[in-house]
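Asks: The primary structure of each chain is shown beneath.
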Amino acid sequence: MDAINGFAYILGDDINTDDIVPSHTLTMRDPHEMAKCTLEFIDPQFVKKIDKGNIIIAGENFGTGSSREEAVNVFKILGVKAIIAKSFARIYFRNLINVGIPGITLTWDENTFSKGDNLVISLYKGVIFNKTKNIKVEFAKLPEFLTNILNEGGIINQLKKMLLK
Amino acid sequence: MSKTVAEKILLEHSDLKEISPGQFIECDIDLIMVHEQLGGRIHKEYEKLGIDYVWDPNKIFFILDHWVPAPTISAAQMHQDCRAFAKKYNFIHDMGMDKGICHQVLPEMGFSRPGMLIVGSDSHTTTYGAFNCLSTGIGATDVSVVFATGKLWFKVPESYKITFVEELNKGVMSKDIILKIIGDITTKGAIYKSLEFHGIESLSIDGRMTISNMVVEAGAKFGVFLSDNKLENWIQKRSKEEYNVIHPDKEAIYEKTLEYNLSEITPMVAKPSSPGNAAEIENVEGIEIDQAFLGSCTNGRIEDLRIAAKILKGKSIDPKTRFIITPASKEVYITAMKEGLLDIFINAGAVVTHSTCGACIGGHMGVLGEGEVCISSTNRNFVGRLGAASSQVYLASPATVTTSAIYGKITDPREVL
Ligand code: SF4
Chain A
1 MDAINGFAYI
11 LGDDINTDDI
21 VPSHTLTMRD
31 PHEMAKCTLE
41 FIDPQFVKKI
51 DKGNIIIAGE
61 NFGTGSSREE
71 AVNVFKILGV
81 KAIIAKSFAR
91 IYFRNLINVG
101 IPGITLTWDE
111 NTFSKGDNLV
121 ISLYKGVIFN
131 KTKNIKVEFA
141 KLPEFLTNIL
151 NEGGIINQLK
161 KMLLK
Chain B
1 MSKTVAEKIL
11 LEHSDLKEIS
21 PGQFIECDID
31 LIMVHEQLGG
41 RIHKEYEKLG
51 IDYVWDPNKI
61 FFILDHWVPA
71 PTISAAQMHQ
81 DCRAFAKKYN
91 FIHDMGMDKG
101 ICHQVLPEMG
111 FSRPGMLIVG
121 SDSHTTTYGA
131 FNCLSTGIGA
141 TDVSVVFATG
151 KLWFKVPESY
161 KITFVEELNK
171 GVMSKDIILK
181 IIGDITTKGA
191 IYKSLEFHGI
201 ESLSIDGRMT
211 ISNMVVEAGA
221 KFGVFLSDNK
231 LENWIQKRSK
241 EEYNVIHPDK
251 EAIYEKTLEY
261 NLSEITPMVA
271 KPSSPGNAAE
281 IENVEGIEID
291 QAFLGSCTNG
301 RIEDLRIAAK
311 ILKGKSIDPK
321 TRFIITPASK
331 EVYITAMKEG
341 LLDIFINAGA
351 VVTHSTCGAC
361 IGGHMGVLGE
371 GEVCISSTNR
381 NFVGRLGAAS
391 SQVYLASPAT
401 VTTSAIYGKI
411 TDPREVL
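Respectively, the protein sequence lines represent chains A and B. Using our numbering, read the first sequence as starting at 1 and increasing by one per residue. Using our numbering, read the second sequence as starting at 1 and increasing by one per residue.
No wet-lab data here; the hints were simulated from the structure. Just to be clear, a hint being listed does not mean it is correct.
Unchecked claim - Here are a few chain B residues that sit away from chain A, every Cβ distance over 12 Å (derived from the structure):
1) Asn58
2) Asn233
3) Tyr260
4) Asn283
5) Gly286
6) Lys315
7) Val373
Stated by the list, open to error - Covered stretches of chain B (chain A as the covering partner; in silico rule of three or more C-beta atoms under 8 Å from a C-beta of chain A):
8) 202 to 211
9) 357 to 370
This structure is a prediction, so every number in the text was calculated from the model and none was measured. We put the beta carbon where it would ideally sit given N, CA and C, even for glycine.
Bound conformation, chain A alone (with noise of 0.2 Å):
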């Protein structure tokens, strides 16, 4: 996966499964119909405001909660690239990789990021810098485990490749 070009759009702590994909909608099934209902309880605006493009940077505990994988490919029909929090949940985390989406674990506050800030992403040499504030900002890398299943597009286009062989 080459450098993430990006915008920070801003969430909470404790995020949840069922804040990102309210139940009534897991029946639905068109995931795009799912998707315009990301996050309509504590951000009605969410949808609306949120760009091809942008970074998710959440605080702690970002998708606890349930297993329902919709609460990570809502954020991909939307076009989310790279979702960096405080802290992720487990299965959430899981979820992430395998459908190709960067999870980056860091701490940071609003000196680090902004909402609308210009961010640069490089997973290989975990570094982020924000073009906006002009800063750098180093994170803990990936193991190259997971970095490979990201630069496969997700652990399905791994599989595919394996079962070919």
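Chain A is already provided as a structure; the job is to place chain B with the ligand on it using the hints.
Replies: Below, chain B with the ligand alone, put in the same frame as chain A:
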């Protein structure tokens, strides 16, 4: 090197000679549980792989439980997708929609046994940890990987040792223990950890399942109990398969060690809108409720229904309050029927439903309206989880839920027992 239960079971399922916490490893999966997620996302992911088989149709436990019988056309279509998939890939253990909630039915049928490594398309798959095995929730893509290969990657977790001493007092249940633990360590306090429970002898199997069920609300990956005679008797009644009981090594290394004196635990309630919002019942007593719900994979078991019937017998529920009771499985339902518990519930004014997730997920049969307040025996009280975004949910034990239904407000069960 000395090992915890989680390290032993993961090592056993890998092809490595040694493992340690933090390491990424690949493991063989003994059993995978899938429910409606199969029709939601898994089938589309799997089709992308272009293979016409699953690794072992005998190791897949498939059930419809979340929205049964289908309340909407879209749910019915999801079920159609699920059934078609199960048929196409020849699933042997297809439970259909009449058996009840996955996490109750799978153990009842003897599928969770000591030493196993089980995954499921549901975060509360941790429930099976009560049976001295490792089990955890995964998403749709991970399910596809297991279907294709029978293997999955894991990060070996650090373990917390939680020891129970003494016994619970009357009117206090294992739900109160786990609400207390989550309140203490917070909803992020055990992310990626394996919680290993010691000092378990006084707890029933039903009660242990409630605790393992909710460890995920503290972020944990596993919630594994040691084994004892009570567990072995339970398993031998339900399975003829062989199993290996797993004990931790004496010198096993734990990242944290906690002890709980059960005789000091009092009825607990998790206030809206987080399972970690724990409060002792004194702090919430008197809050008026519109609905009480007794059910789910957390607390819809026979022990839970028995205590509810004991409290309700000869009484009736508050006329302005609705009480919905959903047995966690058909087996629980039939047992409750034979024991005359259903009569007590219905005569007291409760509504007894088919075994389903139903009200727990705001799906059907008990969805909350705008601004309504509910006390619930379930595991999550997130915003909108049981219905309208403005509704408020308090999580509590079956005893507290039932007592509150009688008085129409949150009430300490020790007052009636
Ligand atoms: S009863 Fe509730 S928590 Fe349990 S599996 Fe069903 S929806 Fe999930």
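Asks: Now, for every hint given, state plainly whether the structure supports it.
Replies: A quick look at each hint next to the structure:
1. Asn58: holds (21 Å)
2. Asn233: holds (32 Å)
3. Tyr260: holds (23 Å)
4. Asn283: Label holds. Min Cβ-Cβ 21 Å, cutoff 12 Å.
5. Gly286: For Gly286 of chain B, whose nearest Cβ neighbour in chain A is about 28 Å away, the distance exceeds 12 Å, so it holds.
6. Lys315: For Lys315 of chain B, whose nearest Cβ neighbour in chain A is about 33 Å away, the distance exceeds 12 Å, so it holds.
7. Val373: holds (17 Å)
8. 202 to 211: Not satisfied, violated; 0 residues make the cut.
9. 357 to 370: It holds, with 3 qualifying residues against the three required.
Hint compliance for this structure: hint 8 is the single one not met.
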